[in-house]
Structures are given as structure tokens and as C-alpha cells.
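Chemist: Here's the letter readout for the chains.
Number of protein chains: 2
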Amino acid sequence: MAVCRVCRQRAAVRLKYANLALCKQHFIEYFERRIFRTIKKYNMMREGDRVAVAVSGGKDSVALLYALSSLREKLKVELMGITIDLGIKGYSERCVQIAVRHYEHLSIPYEVVDVREYGFTVDELKGLRRSPCSACGVIKRYLLNKVSREMGARVLATGHNLDDFLAVVLQAYIRGDLRLLSKLKPSLPPIDGLIAKVKPLVETPEKDALLYVLLRGLEYMEEECPYAVGATSIEYKALLNQLEDKHPGIKLQMLRAFLDRIQPLITYEEPPLAICEKCGEPSSGSICQFCRLLELSRTKLAKNRCRKLN
Amino acid sequence: MAVCRVCRQRAAVRLKYANLALCKQHFIEYFERRIFRTIKKYNMMREGDRVAVAVSGGKDSVALLYALSSLREKLKVELMGITIDLGIKGYSERCVQIAVRHYEHLSIPYEVVDVREYGFTVDELKGLRRSPCSACGVIKRYLLNKVSREMGARVLATGHNLDDFLAVVLQAYIRGDLRLLSKLKPSLPPIDGLIAKVKPLVETPEKDALLYVLLRGLEYMEEECPYAVGATSIEYKALLNQLEDKHPGIKLQMLRAFLDRIQPLITYEEPPLAICEKCGEPSSGSICQFCRLLELSRTKLAKNRCRKLN
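Each protein sequence line maps, in turn, to chains A and B. Numbering-wise (the working numbering), the first sequence opens with residue 1 and increments by one. Numbering-wise (the working numbering), the second sequence opens with residue 1 and increments by one.
Hint data in this document are derived by calculation from the structure and do not stem from the laboratory. Treat the hints with care, as some may be off.
The list makes no distinction among identical chains, and a pair is therefore deemed to hold if it is satisfied within one copy or across any two copies.
Said to hold, decoys possible - Quick list of in silico lysine to any residue cross-link-like pairs, SDA-like style, CA-CA up to 20 Å:
id : residue 1 : residue 2
1  : 183       : 270
2  : 126       : 87
3  : 183       : 265
4  : 89        : 124
5  : 246       : 229
6  : 185       : 38
7  : 246       : 228
8  : 76        : 291
9  : 246       : 236
10 : 246       : 235
The task is simple: from the sequences and hints, build the whole structure.
Modeler: Below is the structure:
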């Protein structure tokens, strides 16, 4: 029987990459301490910061919310929650309920942003872009940035874990996407109207986030988003996990190799951001992607209405 | 029934990455034309060159030998063969026989280098290094360079295919091995006593090399080297093929991304090579890795002999 390395009680988890067995209590401490160290290492937060935590209701963002809540006195930061209701039928409603119950349980002020207020839902965007995921990404990036800034936050924290991060790194290597390779950072400073963005779980394997919510008995949305089925990122994560199974620790090695050695050599000149002519938010073109999406969806909805009348 | 895109006869192969079906004859032409183009693109050979082809007897080097033989008039080069007998029991002998039969069939002058002349075999190196593969790599690099230069070749061509090349790229990404990332080139100029080295199959998928030898009915060593079982490179190739199965063409995309975009940004200052104090060959230290290996194997063999006497 494996025993906890700290207290010699019966172990609840075994972390192969660290050759470490821990009981429930000491795993929770280990998990939160790693997040604290990641935050310090990448200067993700400063004392007195107002930190908006993006909570989708999935395991990663729920784990992030609770870990930051445990750490908020040590970090001396003020937390607030932000959740986007994407209007995905049979999915978004439950995600939002879970997030809200956690905010209230932890007494964290929060805001739920309903995309319907903007006149559409993600379901209605099907067929407008190559995949609803790319449209959804535009919406989330836009609203999380805008609303967390309006809420008075200096930093936006998201639940991207080690596996999420490496799946994008691998994809960027394969595509030779220098822009992505240069921008993929655990901590991005505020720039041109974009709020600072941090990924405190970047050194946390996805499986550990799951263990954390399970061991703490936290409710989370177990189902994948219906649109995520067959997503490339899921495939890349599976490949990386195949490697990890045979070579425990290889994912953390790949992260260090990328951040410490390869990324510093990648140069990419990004032109400064402009201001969207329609909404006034930061944009790479004269009209931002969110406003273009809005326009597209209005045209589509109008066409559909005409079809019904005819 | 799939038909050949060129002649509309029944197709013998279907290349998913190119969405192309071809009959036997037109596949062979396609395969050789791609090698011709790779050679021209990377300036691998010049008119009048003497080119040493390293033939192990495996499918890749046999395919390379026959393709270069078909192309030698078009390329205006002179070919010679070089094969290392590594002394791996139940394996090397058959490899050498196959290589020699092909040289004689094609009337290509050749040399077989027997490592026993240096006083050891790869079998005897077991346990001297972490894996016999790393020792074997040292031996092959050393002898191929030395002997092909002594044979009067300007260029040494090896059968490394697309899959071999990408497995090393992936490994170098994961380890953050900047030295390897900067040196991994389809064509390396001669430098400090090292002969020019070229990989004419770098744009050729491994499966195509197999199809080429099968369709041409060429004898090749079907068995893997007994020491290669479980090699990391085989594992990485399998991962890349999983990706290729779902996204035909992704391996070629990854090659282009690496060579055209990522590698040019990788800077690594390699100190100039020295001369080995023992053998006079190029070396990164005062004594080259080959001579160090020789020393190690002599000590080990002497010890074994003492043990037998006692």
C-alpha cells in the first residue's frame, strides 16, 4: 500500500511524474503550493490586485477558483468571478449554475455575462465559421477582457492547465506559427487596452486538476462542450499523454524546454493594436473580430427569418 | 477502383497526403522525381561529384541506392557504396550480404568496413553506454565519415527519411535541444574535416520508401535491428503517424514549418572542431568519441578475459 510521503497515512493519489504519493490533505496542499509558486515565478499577481477569475464550470476553472480562494490571504489579492453564458443549449445553463453556486459558497462577487444580450448565442453561429469553437474563442476573449476590465480587475486568471498549454505549443510547432509561439506565455502584461492575463495552472497537469476537484468533492461540469468533440486540441493532448505514460515528467520537460530555451529565440513583430470603429475595444483591424461576428450573425438571422416568412 | 492519375491504368498505390493514386511505373517515377527535386532544392550534389551512399541493407538505404542509380546520369554524379559491418550477431551478416548484392547488381564500386578490424563489435559494447544505439551512432558517424572521405567522395548520402527526420525534430523540441535543432539539416556542407552530408529522402515518407522497394521487388533487410526494440525514435514516429492518419500531409507541413520558419531563428554557437590526439580525425574534444569507445571496449574485454582465467 502506498503511503503519503508527508504523514505516512494511506495515500490517496500517486503522481508518477514526481514519483510522489500523497494523502488527500497533503495533495491539496501540494496542489495549491504549486499554484502559489507558479504565480510568484511568473509575477502573475501583485499585492492588492483585483483578480478576475474566469470560471466556465469545468474542472480546471473550478479548481483554480478554489485554489486561489485558499491562497487569497497569502497572495493578498481580491478575487472576483466572471462567467460567460454562451447560450449552448443543454450545456451553458448547467455550467453557469455550477459557477454561480461556487461563487456564492465562497462569497466571491461575480458577474455572469449572457451573450444573448448581444443578440445571439453560440448555437446560432454554427456554420458561420469553420468551427463554432473558433467563433466561441473570439467571443470569450472579447467579453472576458471587456467585462473583467469594467469590473475593475487588473488581472484576468484563466484555468488553462499544462496539457492545454502544451497542446497549443505542439500545434504551433507543427504549423510553424511564429506569432502563436511568441505570444504563448503563462503571464501576459496589460497592453493596448487588453487586461493582464495569467494562467496559474500552466504547470499543473490536467489530471491533477481533476484529482483536486474530486478529492475536495467540488461540483463541476463533467460533460465536454458538445462542440468540442473531435477538436484537434483533444487529439494533441492524447498524444502528449501517450508520451507521458511512457516517460513520466516529459510534459513538464517540454514546458521548460519551450519557455526557457525555444521561445526566447522566437521573434515576431506584432503591429500595435488599433481601436475597433464600432465598439471601441482593442482590435487588430479597423473592426474587431467580435463585431464582425455580430454582423455575420445578424445577416444570418435576418435571412433565416425571411426564409420562414416565405 | 482507383486508377493512376497519369495513365488511367489500375493504381498500385494511393498517397493520401497528396490525394494521388498511381500505377507501379508512375509511382516509381514520382518517387525518383521527388528525390531529384529534393537534391536540387538543397544543393545536395553538384555535377561531377563523387557521392558515397551509405547502405545498411534496410528499405530506406536500398531505395536511396536504386533511386540515385536511376538518377545518376541526370545528376551527372558518380556513385560508390559504403556499408559498415557492425558485428551484430544474426543481423549484420545478412545486412551486408544484401547491400553487396545490390552494389554488384548495379555495378557500383563499394567498400565494406568491418568494425572487427578495430578490435570490437557492437554486441561487445552492450552495457558500456546507456544504450548500444548511442555507441552504434558514434561508430557509424565516425566510420562513414572517415572511409567515404578516404574513398575520394565529396558527399555522403544517407537514407534518413521524412519520418526519421521529424522524430528527431520532435525529440529536440521536447528536450529544448538547441544544438540539435540548429544542426538538423537536409544538407550539411563539409566542415573541419567532416565530409558533406545529405539526406535525399528527407521529403520522402517512410511508407513510400517501403512501397518503392516492394514495387521494384528489391531485396531488403525486413527485420529491425535487435537493439532498436523500444527505441524512442520508433515511439515518436508512431505518434507522428497517428497524426498523419487523421490529417494527411501534416508531416510534410511540420517539416516545412521547421525548416522554413523555426530553424532559421534557432541560434547555437558550436565551437570549431579539434583533431583527435589518437586518430587524427575531427573531434569535439581532445580525444574523439570513437577512440574513447575503443578504449572502453578494450578495458572491458581485458576484464572479461581475466574473469575467464580466474
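Chemist: If a hint holds in the structure, say so; if it doesn't, say that too.
Modeler: We went through each hint and held it up to the structure:
In this assembly of identical chains, the alpha carbons of residue 183 and residue 270 lie at most 20 Å apart only when taken from the same copy (10 Å versus 29 Å across copies). Taking identical chains as interchangeable, the C-alpha atoms of residue 126 and residue 87 lie at most 20 Å apart only when both belong to the same chain, with a minimum of 12 Å there against 62 Å between chains. Within a single copy, residue 183 and residue 265 get their C-alpha atoms as close as 12 Å, and across copies as close as 16 Å, so both meet the 20 Å cut-off. Taking the shortest alpha-carbon separations for residue 89 and residue 124, only the intra-copy value of 10 Å comes in at or below 20 Å, while the best inter-copy value is 67 Å.
In this homomeric assembly, residue 246 and residue 229 come within 20 Å of each other (Cα to Cα) only across copies, at 14 Å, whereas the closest approach inside a single copy is 26 Å. In the homo-oligomer, the alpha carbons of residue 185 and residue 38 lie at most 20 Å apart inside one protomer (12 Å), although the nearest pairing across protomers, at 36 Å, exceeds that limit. In the homo-oligomer, the alpha carbons of residue 246 and residue 228 lie at most 20 Å apart only across protomers (16 Å), although the nearest pairing inside one protomer, at 27 Å, exceeds that limit. When the C-alpha separation of residue 76 and residue 291 is checked against a cutoff of 20 Å, the pair qualifies neither within a copy, at 37 Å, nor between copies, at 61 Å.
For the identical chains of this complex, residue 246 and residue 236 are neighbours both inside a copy (16 Å) and across copies (11 Å), given an alpha-carbon limit of 20 Å. When the C-alpha separation of residue 246 and residue 235 is checked against a cutoff of 20 Å, the pair qualifies both within a copy, at 17 Å, and between copies, at 10 Å.
The structure shown violates just one earlier hint, number 8.
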